[in-house]
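**Student:** Each chain, letter by letter, is given below.
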Amino acid sequence: MSLKEISKVTGRAVHVPGDDIDTDRIIPARFMKCVTFDGLGEYMFYDVRKDADGNDRKHPLNDPSYEGASILISGNNFGCGSSREHAPQAIYRAGFRGVIAEGFAEIFFGNSTQLGMPCVTAEGKDIEKLVAAIEADPSTEVTIDLEAKKIRFGIAAIDCEIREGARSVLLNGHWDPLQDLLASEEQVEAVAGSLAYMAEK
Amino acid sequence: MGKSLFQKVWDAHSVRQLPNGQTQLLIGTHLIHEVTSPQAFGMLREKGIPVKYPHRTFATVDHIVPTNELAEPYSDPLAQAMITELRKNCEEYGVKFFDTTTGMQGIVHIVGPEQGITQPGTTIACGDSHTSTHGAFGAVAFGIGTSQVRDVLATQTMALNPLKVRRINVDGKLAPGVYAKDVILHIIRTLGVNGGTGFAYEYGGEVFDNFTMEERMTVCNMSIEGGARVGYVNPDETTFEYLKGRPYAPKGKDWDAAVERWQSFASDADCDYDDVVNIRAEDIAPTVTWGINPGQAVFIDQSVPKKEEGKTVSERASIAEALEHMQFEGGTAIKGVKVNVAFLGSCTNGRLSDLREVAQYLKGRKVHPDVQAICVPGSQGVSRIAEEMGIDQIFKDAGFEWRGAGCSMCLAMNPDKLVGDQLCASSSNRNFKGRQGSITGRTVLMSPLMVAAAAVTGEISDAREVFGILEPATV
Ligand code: SF4
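Top line first, the protein sequences correspond to chains A and B.
Quick note: the first sequence uses our numbering, first residue 1, plus one each step.
Quick note: the second sequence uses our numbering, first residue 1, plus one each step.
Simulated from the structure, these hints should not be mistaken for lab results.
Here a beta-carbon is modelled for each residue, glycine too, at the ideal position from N, C-alpha and C.
Don't take each hint at face value.
Simulated coverage check for chain B against chain A, where a stretch passes if three residues somewhere in it have a Cβ under 8 Å from a Cβ of chain A [claimed, not checked]: (1) 5-15; (2) 30-41; (3) 166-178; (4) 320-334.
Distance condition first, Cα-Cα at most 35 Å in a straight line; then the derived DSBU-like pairs of lysine-lysine [said to hold, decoys possible]: (5) A:K201 / B:K164; (6) B:K311 / A:K33; (7) A:K58 / B:K417; (8) B:K164 / A:K150; (9) B:K306 / A:K125; (10) A:K58 / B:K3; (11) B:K311 / A:K50; (12) B:K338 / A:K33; (13) B:K164 / A:K50; (14) A:K58 / B:K88; (15) A:K125 / B:K88; (16) B:K164 / A:K8.
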């Protein structure tokens, strides 16, 4: 069974500036007291968006001109810290379908790919150009083109990178590996049988 | 050319290459807890898929358990719902659960080793980034997301890309008062919070050869704070000694066979690393963080940096953001900063040796009246032995609160939280904004003894001065 093939993500974009934005920032731990991921979108970047009394702070994510954006732009080492899948889940459930950053933390990147939410990297100076364009006109349509490894906005385009393995699973609709993993049961049993500790209970 | 432990374990557990080019890797040991597993069980249920090898998954509850309230239902209904859900899932799928009533519950990364479940030459996964802790035993241990928890439950495998291996040698001798925590904070500060991206860190050298298992765990635990998803130490006599006689360790003639097997996984002397870093133990002093990531750290006698000291625009912005959050002025000494809370615990430093080391110096001392000090054993096992040894009494006499086992104030998913802009001297592993439960709360990471020194003096202090730990006379 193949999933949807993802070759392009198109939509308006919003910039959340900063390097090393960690998953605690993306979804504060107190909102992880849940047994399903439903409803997490509401709490994405909660402490960045709200002050201590729960009122909106001035932040791009609260700015109505970016409402409905589906591409998130940020700095280096985005998604570092905790392995919580709640972070990409929150971003996904808040309506985002792609993330552009200077760099991603490993686990966040993997978790996002597995959700079918491409994470692409671009050079800092190129991201600046992109951000300048969306800030000048928040209605700018941005496209992450995985096939061409380009990010297009208006008449401009910048290069982007994504690890080849992730790119190919997104392009060929194998981004959720469960079906593939289930397909090799005999081989799994053979490897398990070769390892003494697998028999320990 | 020889092979590294990482390569050997990887090869032994590889099932096949997936259509997407990733490797399908068998995960021998799967550890789960209440926060990242319920959604995974939910997905299995939805698809009607069973757990492939239930006997290779082990569960405990740690993040949400209150440490000051034993009876259920807990006052927080959400916490109660989470523990109930885990109980239900374990029962339904036949997974062993170290529940709160078993005397074996605790932080997942403390329980695994304590029970002898964590073994050399194995692959381990857990929906928790500090799974790297288990690498201390020469296991390849990955922190994973919830969808991967689902994959491991359903297939006992997951899809991964191989990692490069960076060997980090720490040679020489650590000075008195310098601990494993200082070693890893120093490594992260040196290599950066994302310096390890794409790497497994193999720790070695004289310092690691001499370290106890608990010290090795402290270092491996924080590998992820340096961006390395996996960190490990090659198994040796220290490892085997620790495991012998533990409930899940092999017994009798299986033991000898296991030790032989385990030894065979250690990196070959002639193996080729992708990178090698050498650090001198003598260069490491007690280290404390001043900022909002674990790499923003200084030695206790240094000053917090000024914004201008950042080498790049973004580094200057990070320093400025950190200084603002921490309410520190660049260029001032870190020593002497007032603390409000002292937290001793977590999967980094909530083990018996941590508590014992502190107790030895804390005896007869008193916590500063302005400080709330809490000591949270990492597991019920740790707390039982500590109580048998009278360590709890030393803490209580000093004015520490002695709590039940759990993650406690390491993160804000239980009642233990900072309030307002309180500053916490913490033996945990993360100082991210809001990590300890208050958006404006401030965390300063340090070794357990440095936490005790801060508790006693009411300010960030050099434990060597507070407790009279002298440098050995130079010869
Ligand atoms: S003690 Fe802290 S870092 Fe360790 S598992 Fe618990 S919350 Fe995570």
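**Student:** Would you mind marking each hint as holding or not holding in the structure?
**Tutor:** Hints, one by one, checked against the model:
no.	hint	in the structure
1	5-15	holds (count 4)
2	30-41	holds (count 4)
3	166-178	violated (count 0)
4	320-334	violated (count 1)
5	A:K201 / B:K164	32 Å, holds
6	B:K311 / A:K33	40 Å, violated
7	A:K58 / B:K417	26 Å, holds
8	B:K164 / A:K150	28 Å, holds
9	B:K306 / A:K125	25 Å, holds
10	A:K58 / B:K3	54 Å, violated
11	B:K311 / A:K50	32 Å, holds
12	B:K338 / A:K33	32 Å, holds
13	B:K164 / A:K50	40 Å, violated
14	A:K58 / B:K88	43 Å, violated
15	A:K125 / B:K88	51 Å, violated
16	B:K164 / A:K8	30 Å, holds
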